[in-house]
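Number of protein chains: 2
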Amino acid sequence: MTRKRAILLSQGDEVITGQTLDSNAAWLAEQLTSLGFDVVLQLTLGDRVDDIAWGLELGSGRGDVLICTGGLGPTQDDLTVEVVAKVTQDELSLNQATLDHIQALYKSIGRVMPPANIKQAMLPSRATILRNDWGTAPGVQVEHNACQAYFVPGVPREMKALWKHRILPDLQARFDLPPERLLVFRCMGVHESKLAELMAPFQDRHGVVLGFRTMLPENQVKLRLSAELPQETEEALREEALQILGKNCYGVNSGNLVQVIGDLLRERKETLATAESCTGGNISAQITSAPGSSSYFLQGVCAYANAAKTQQAGVPAELIQAHGAVSEPVAIAMAEGIRERAGSSYGLSTTGIAGPGGGTQDKPVGTVHIACATPTGTHHIKLALRGSRERIVSLAAGATLDMLRRHLQGLL
Amino acid sequence: MTRKRAILLSQGDEVITGQTLDSNAAWLAEQLTSLGFDVVLQLTLGDRVDDIAWGLELGSGRGDVLICTGGLGPTQDDLTVEVVAKVTQDELSLNQATLDHIQALYKSIGRVMPPANIKQAMLPSRATILRNDWGTAPGVQVEHNACQAYFVPGVPREMKALWKHRILPDLQARFDLPPERLLVFRCMGVHESKLAELMAPFQDRHGVVLGFRTMLPENQVKLRLSAELPQETEEALREEALQILGKNCYGVNSGNLVQVIGDLLRERKETLATAESCTGGNISAQITSAPGSSSYFLQGVCAYANAAKTQQAGVPAELIQAHGAVSEPVAIAMAEGIRERAGSSYGLSTTGIAGPGGGTQDKPVGTVHIACATPTGTHHIKLALRGSRERIVSLAAGATLDMLRRHLQGLL
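Protein chains in written order, with the working numbering: chain A, 1 to 412; chain B, 1001 to 1412.
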């Protein structure tokens, strides 16, 4: 079976001038790819009738499916339906159902529809209307150049809802799509290039398609499997990949690292506290990003000044004087101190030099000591990180959380 | 003078399949727009020779300048130079200076260059080589279809350096570019739609171009001015806009909110401490993202559990019992408590319900009390926020920091 070709068209002056980062195209590309489409072209154009008409001719000529986002609002520079009518030699006429819907929406928030919104109900007369239950502007669908073209608003929430409830069912009805299965191996503590190297023999041996994605400090390996593959084969591939990835893989198709840690803590009815210096609260901010984290996260301190390390985490001032704030003994004392003060099962700590200033010959920028105090002893690692302040903080926070994950999974 | 047309081409399977969000194109589009170019087309293509060659012909035929990112790495699927040679009827030959540079780079980190990297020194013989002092792959420049085409690596750090040191000077030498001046008004506590409404009369009155950008929780108004505009006129426009924006504007072409706060604290030789509940460390993480923040940020606590609010910020347990943890008295006690314990000039606090669970009729999800303790008294605000957990945390953290900014600027 030949794979179907998909084209994406993003429209809007705010996108073409770089004022807005276009996340719609990447999101749609990922959806289409996982459905088995080849996304062969993404186009971005400004709010100009001629340009959009050109893009629509070009795109529809190169694909089986085209999805266009943006340009469906009520203002002068929203030109999509005008272009669709022009290109398909149709005309705009009032769509009463759409007008009723928009008026009802305004009524539901106690307002009268502004006259400008009538424009959103003027639609190409022969197009299929994709009702938008999540906003005012409906989507529009036409066939052009033997290509199914869908036009949806650029507001991500509305675009995603129209994809799910209008476009996806239509694509599934029209095309024989073998839904691919996707295994995402989520890894910490290993570089993308190292992952690629580790997985290369696996890829060759099984002739499978692997994708790699970096979301600092995490790296992911994505394994796409065809729908026809027997369940046992999937299981075998999954196990083999896990063998290769080893302790670095914290989950397959799982939640993120703090969710995995949260689930483990909840299961074990255990609790956590943090004492951060150079990570400045990043670890506690990540932990508390998980809904329900209040059931296992007791407290965090951001002990930036030396006095705060003593006052909040009980680090003896003499210890700081003897070894310096950025040292193994201080990291360990912080982790054990916060664990004791909070009465938690675990205590995490970080102390280091995030830069750009503050480095010395002995302790250059990027030197970070991290520790994890547990009921059975305290783990410590010294990191030597590189890069910007932001990068060093992100890597140090990730490594600290991952140290706890490895302990909880019995890997340390 | 007619404006010059610019085209962007992003290349790579990871981008076209949506695995990687392409921030390069938006960044370059903003640079080119501010230089006075019309960015008329952005193209994204996968790693296929025919597709890239097609895109290069198409793009160069529609623009005066084309910038292509990606496809310059050492692996099989890095095809850019091959395509450039093909399209310009050139051939690849070894560029000794580039090879020397790559070998020296490897030597500097104590490694021998892998044979695969020789590929990065095989370059179109007639192209101009853009030396890359920030990585291995050089950029390449050719003229094709009367269009200046630049090819640079997709690694953002290298791309930005090559833009600044190679492409920008070349564009300035080739084209008569009237450098536009850009005033960015950075605002907190006001919605984008409200900003647009406030600024509409200003825009009409002066016939200027305004841009709006939301970077939650901040909103920006961008005013582009032509190079020919007299300095006095710019000053007058700036003052008038500031009058309209009022207290919501925290800076013009300034650093971000925590940098502005940091500068104010440093100037005044004052210090800060934080006690966060629902924001979970986000405020301290933001404050400490500013280099040098250790000179004014003493400590933060993330007092998630009630016991932690008492232990770390001295909030009387009876107060929590009487009013609940999410209440005005507790927010005030947290701010004043952490200020006293840390011995800092200011104390910031948050306590609220970030959701999705935990809301009640009286205190629905999104109820957040924030406070700012100062030498002259304590400010308090009750927020009623909407949206996801992430959004509520972000808005609450922003509002708390902005409360301190307004106090420091004498606006409260």
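Quick caveat, the hints were computed from the structure, so don't treat them as lab data. Here a beta-carbon is modelled for each residue, glycine too, at the ideal position from N, C-alpha and C. One should not assume that every hint holds.
Straight-line alpha carbon distances no greater than 16 Å define the calculated EDC-like cross-link-like pairs of lysine to aspartate or glutamate that follow [what the hints assert, rightly or not]:
no., chain 1, residue 1, chain 2, residue 2
1, B, K1194, B, D1176
2, A, K160, A, D133
3, B, K1119, B, D1078
4, B, K1086, B, D1051
5, B, K1222, A, E143
6, B, K1363, B, E1328
7, B, K1222, A, D50
8, A, K222, B, E1240
9, A, K86, A, E143
10, A, K222, B, D1038
11, B, K1004, B, D1038
12, A, K4, A, D133
Partial pick of chain B residues on the chain A-facing surface, computed with a CB cut under 10 Å [stated by the list, open to error]:
no., residue
13, T1020
14, A1026
15, W1027
16, V1049
17, D1051
18, E1218
19, T1274
20, I1283
21, Q1286
22, Q1312
23, H1380
Here is what the structure says about each hint:
Taken as a hint, the B:K1194 and B:D1176 pair is broken in the structure, with Cα atoms around 37 Å apart against an allowance of 16 Å. As the CA atoms of A:K160 and A:D133 are separated by approximately 12 Å, the hinted pair is consistent with the 16 Å bound. A hinted pair counts as satisfied when its Cα atoms are at most 16 Å apart, and B:K1119 with B:D1078 qualifies at roughly 10 Å. Between the alpha carbons of B:K1086 and B:D1051 the distance comes to roughly 13 Å, so the proposed pair stays at or under 16 Å and holds.
Restraint check: the Cα-Cα separation between B:K1222 and A:E143 comes to about 40 Å, which exceeds 16 Å; the hinted pair is violated. Proposed proximity of B:K1363 and B:E1328 is supported: the alpha carbons are some 12 Å apart, at most 16 Å. The suggested pairing of B:K1222 with A:D50 is violated, with an alpha-carbon distance near 27 Å, which exceeds 16 Å. Restraint check for A:K222 and B:E1240: not satisfied, since their Cα atoms lie roughly 53 Å apart, outside the 16 Å limit.
The straight-line distance between the Cα atoms of A:K86 and A:E143 is roughly 14 Å, inside the 16 Å bound, and the hint therefore holds. Restraint check for A:K222 and B:D1038: the C-alpha separation of about 38 Å exceeds 16 Å, so the hint is violated. A threshold of 16 Å between alpha carbons decides the hint, and for B:K1004 with B:D1038 the separation of about 6 Å falls inside it, so the pair holds. Distance restraint check for A:K4 and A:D133: the Cα-Cα separation of roughly 29 Å exceeds the 16 Å cut-off, and the hinted pair is therefore not satisfied.
Proximity of B:T1020 to chain A holds as hinted, the smallest CB-CB distance being about 7 Å (cut-off 10 Å). Annotation: interface hint on B:A1026 holds; nearest CB of chain A at approximately 4 Å, less than 10 Å. Below 10 Å, beta-carbon pairs count as interface contacts, and B:W1027 has one with chain A at about 6 Å; its hint therefore holds. Taking 10 Å as the C-beta contact cut-off toward chain A, the hint placing B:V1049 at the interface is violated, the least distance being around 13 Å.
With its C-beta approaching chain A no nearer than about 7 Å, B:D1051 sits inside the 10 Å limit, and its interface hint holds. The beta carbon of B:E1218 is not positioned within 10 Å of any beta carbon in chain A (closest approach about 14 Å), and the interface hint is therefore violated. For B:T1274, the interface hint holds, the least distance from its beta-carbon to any beta-carbon of chain A being 7 Å, beneath 10 Å. With its C-beta approaching chain A no nearer than about 7 Å, B:I1283 sits inside the 10 Å limit, and its interface hint holds.
The criterion of a C-beta within 10 Å of any C-beta in chain A is met by B:Q1286, whose closest approach is roughly 8 Å, and the hint holds. Because the beta carbon of B:Q1312 sits about 6 Å from the nearest beta carbon in chain A, less than 10 Å, this interface hint is met. Against a cut-off of 10 Å between C-beta atoms, the interface hint on B:H1380 is violated, since the closest Cβ of chain A lies about 22 Å away.
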